[in-house]
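Asker: Sequence:
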Amino acid sequence: IQEDFKLWTIEQIRSTKEVEQIRSNTRANTLVSLEQGCSLIKETLKDKKKDRGLSTSEKKKKKEADERGLKMLKEVLKKKGKGLS
Numbered sequence: 001i002q003e004d005f006k007l008w009t010i011e012q013i014r015s016t017k018e019v020e021q022i023r024s025n026t027r028a029n030t031l032v033s034l035e036q037g038c039s040l041i042k043e044t045l046k047d048k049k050k051d052r053g054l055s056t057s058e059k060k061k062k063k064e065a066d067e068r069g070l071k072m073l074k075e076v077l078k079k080k081g082k083g084l085s
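Using the working numbering, the first residue of the sequence shown is number 1, and each one after it goes up by one.
I should point out that these hints are in silico values taken from the structure, not numbers from a laboratory.
Pairwise CB distance ranges (calculated):
(1) K78 / E58: 28 to 34 Å
(2) K82 / T56: 36 to 42 Å
(3) G81 / K61: 29 to 35 Å
Nothing here was measured: the structure is a model prediction, and the numbers come from that model. Don't be surprised by glycine CBs; every beta carbon is placed ideally from N, CA and C.
The whole structure should be built from the sequences, with the hints applied where relevant.
Answerer: Here you go:
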């Protein structure tokens, strides 16, 4: 396993952030934004190994945070999908 590849995890709530401009099928410019609910934290596998893993309660909290993040992402993608139709 490559030990210095980067892992990205979620930290805290932030405001909506504009990401890029795209062209729709009508060739009109539309602005796409991604609601960034959390900031990203970079850590390497070496950093994770130094911590000797997480306790059971920390794992549970992290899993719940990941599930909330995925749920938020799905909701944003649903909204964006309806808006682009």
